[in-house]
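Here is how the chains run, residue by residue.
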Amino acid sequence: MFELEFMRLALAAGAVVGVLAPAVGFFLVQRGQSLIGDGIGHVAFAGVAAGILLDVSPVLTALAAAVLGGVAIELLRSRAGAAGDQALAIVFYTGIALGVVLVSAAGALNVDLFQYLFGSILTVTRTDLVLIATLGAVGLATIGLLYHALAGVVVDEEGARVAGIRIGALNVVLGALAAVTVALSMRVVGILLVAALMVLPASAAGRIAWSMRSTLVLSMAIGLGSALAGLTVAYYADLPPGGTIVLVAAAVFCLALGWGALRGR
Amino acid sequence: MHVTPAVELESVSFGYRPDQRVLEDVNLRLGEGEFVAVAGPNGGGKTTLLRIVLGLERPAEGKALLFGEPAHRFSRRRVLGYLAQRSQLGGDAPATVREVVSAGRLAASGLIGPLRRRDRELVSKAIQRVGLDVVADAPLRTLSGGMQQRAFIAKAIASEPSLLVLDEPTTGVDAESQESLAAFLDRLHTDLGVTILYVSHEFGAVERFVQRLVLVRRTIVFDGPPRELPGVWHDPSHVHV
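Protein chains in written order, with the numbering used here: chain G, 75 to 339; chain Z, 32 to 272.
Calculated from the structure, these hints are not laboratory results. Careful: at least some of the hints might be erroneous.
A few chain Z residues facing chain G, derived, Cβ under 10 Å [to be verified]: (1) Leu114; (2) Leu137; (3) Pro170; (4) Phe183.
Over 12 Å on every C-beta distance to chain G, these chain Z residues come out as not near it, computed from the model [unchecked claim]: (5) Thr35; (6) Pro49; (7) Glu65; (8) Lys94; (9) Arg109; (10) Tyr113; (11) Gln116; (12) Gly135; (13) Asp150; (14) Arg160; (15) Gly177; (16) Asp198; (17) Gly224; (18) Arg258.
Everything numeric in this text was worked out from a predicted model, so none of it was measured. Glycine included, each C-beta is placed from N, C-alpha and C at the ideal position.
Kindly produce the complete structure, drawing on both the sequences and the hints.
This is the structure we're talking about:
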């Protein structure tokens with residue numbers, strides 16, 4: 075399989091997203107915001123539709139829409155007094171409704187759209203890979219720089235607020251990171267499954283790890299392993315890559331659940 | 032010589048709705064180095080009082096000052112050590128004791144980059160002070176309720192606070208751990224001169240160590256040394272006011 079250019083590109087893109095998505099997902103899961111990736115994904119769908127309608131790169135319009143959606147969720151939650159799940163629902167439904175209207179206007183209910191909904195990692199080009207690798211590196215570097223602050227807020231949000239930490243700014247950064255992850259992961263697992271790659275590895279790691287740092291590292295390792303193993307299985311068994319990657323991550327979660335139960339956790 | 036108090040509430044009134052006052056005409060002053068317990072029944076306004084002291088809420092009427100500055104605009108927040116109610120802490124985060132205590136250095140170390148050497152030393156010192164050095168790298172969720180509480184106290188003191196505020200620190204902690212917590216706070220107060228504001232639904236074990244007891248039921252109904260507290264009020268939930 076390595077002799078094929080499209081598989082080498084797919085494995086490289088899968089590796090980047092496999093590491094980035096759980097790293098961002100780790101903080102979302104720990105803060106009880108597991109479904110944010112899903113909400114942002116639906117806004118990204120509107121972005122893809124806008125890109126098709128305007129004949130510009132759907133990845134870029136999805137990225138812009140996802141960042142707006144991520145920031146909107148945080149602003150609705152912190153400034154407009156909407157509960158976390160309400161803010162998510164408002165953005166979620168608005169995004170999907172806008173997407174449906176724009177897709178209809180563009181007359182694009184076809185294969186082009188489906189590759190964003192369900193992923194199309196085998197069509198990743200060198201240019202796509204450069205974009206995925208660059209933004210992935212920026213995302214991971216941001217997490218590395220802000221790890222201590224993000225972890226501190228996970229441990230005690232109210233305490234951090236009392237200490238004068240700008241929680242709102244950190245939340246906006248986390249929302250933007252989630253948005254970038256969603257936009258990059260669209261080509262790998264698709265909008266409909268992107269949240270799974272953020273949540274499943276982090277949830278699995280939480281069952282077997284012994285500290286926050288080890289949970290984060292294990293999440294990234296599970297995400298990377300799931301992406302590479304899922305692609306390999308998909309190649310040899312002729313299965314859809316996006317769904318196979320997520321099913322591998324789900325299988326790892328089940329194993330971790332069993333392991334945790336055996337150890338009494 | 033005029034000494035700026037650590038906390039000063041002057042004629043403070045507050046309500047989450049305009050027609051329903053949670054606090055009414057509250058006056059409270061904590062000098063630097065004092066150890067004061069605030070108690071009251073559930074719904075009596077003590078957590079609201081604490082939130083106003085910390086500048087998380089602004090009074091509808093009156094003034095709330097922290098070290099002489101309006102509490103909601105207090106500029107030196109790193110001098111505050113705060114222990115939130117257990118229900119608000121960490122959820123299911125798989126953190127170790129050291130990771131929890133490290134969060135206490137966040138305000139001092141800044142948001143960007145890892146902890147510096149001095150921060151790590153202060154974290155170790157705080158862990159040692161609460162007697163958890165043997166389990167410093169153990170996951171918090173494997174420890175008893177009392178030990179978990181000590182880890183969060185270590186987090187609060189890791190910031191080297193001038194004012195330590197504790198909200199219901201004994202909830203879910205057994206009687207023995209309550210006694211040891213009270214004795215620990217007394218040592219902290221005596222050794223380091225930290226001002227302590229201890230908020231709870233009952234005075235409990237800490238009553239022996241504090242200089243003042245404050246009983247809140249929408250307004251302050253008692254403020255004085257423990258020996259002057261009328262017997263019937265030792266249980267703050269008592270209906271006779």
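Hints and how they fare:
no.: 1; hint: Leu114; result: holds (8 Å)
no.: 2; hint: Leu137; result: holds (4 Å)
no.: 3; hint: Pro170; result: holds (6 Å)
no.: 4; hint: Phe183; result: holds (7 Å)
no.: 5; hint: Thr35; result: holds (19 Å)
no.: 6; hint: Pro49; result: holds (16 Å)
no.: 7; hint: Glu65; result: holds (19 Å)
no.: 8; hint: Lys94; result: holds (19 Å)
no.: 9; hint: Arg109; result: violated (6 Å)
no.: 10; hint: Tyr113; result: violated (4 Å)
no.: 11; hint: Gln116; result: violated (8 Å)
no.: 12; hint: Gly135; result: violated (8 Å)
no.: 13; hint: Asp150; result: violated (9 Å)
no.: 14; hint: Arg160; result: holds (18 Å)
no.: 15; hint: Gly177; result: holds (18 Å)
no.: 16; hint: Asp198; result: violated (9 Å)
no.: 17; hint: Gly224; result: holds (21 Å)
no.: 18; hint: Arg258; result: holds (32 Å)
The earlier numbered hints that this structure contradicts are 9, 10, 11, 12, 13, 16.
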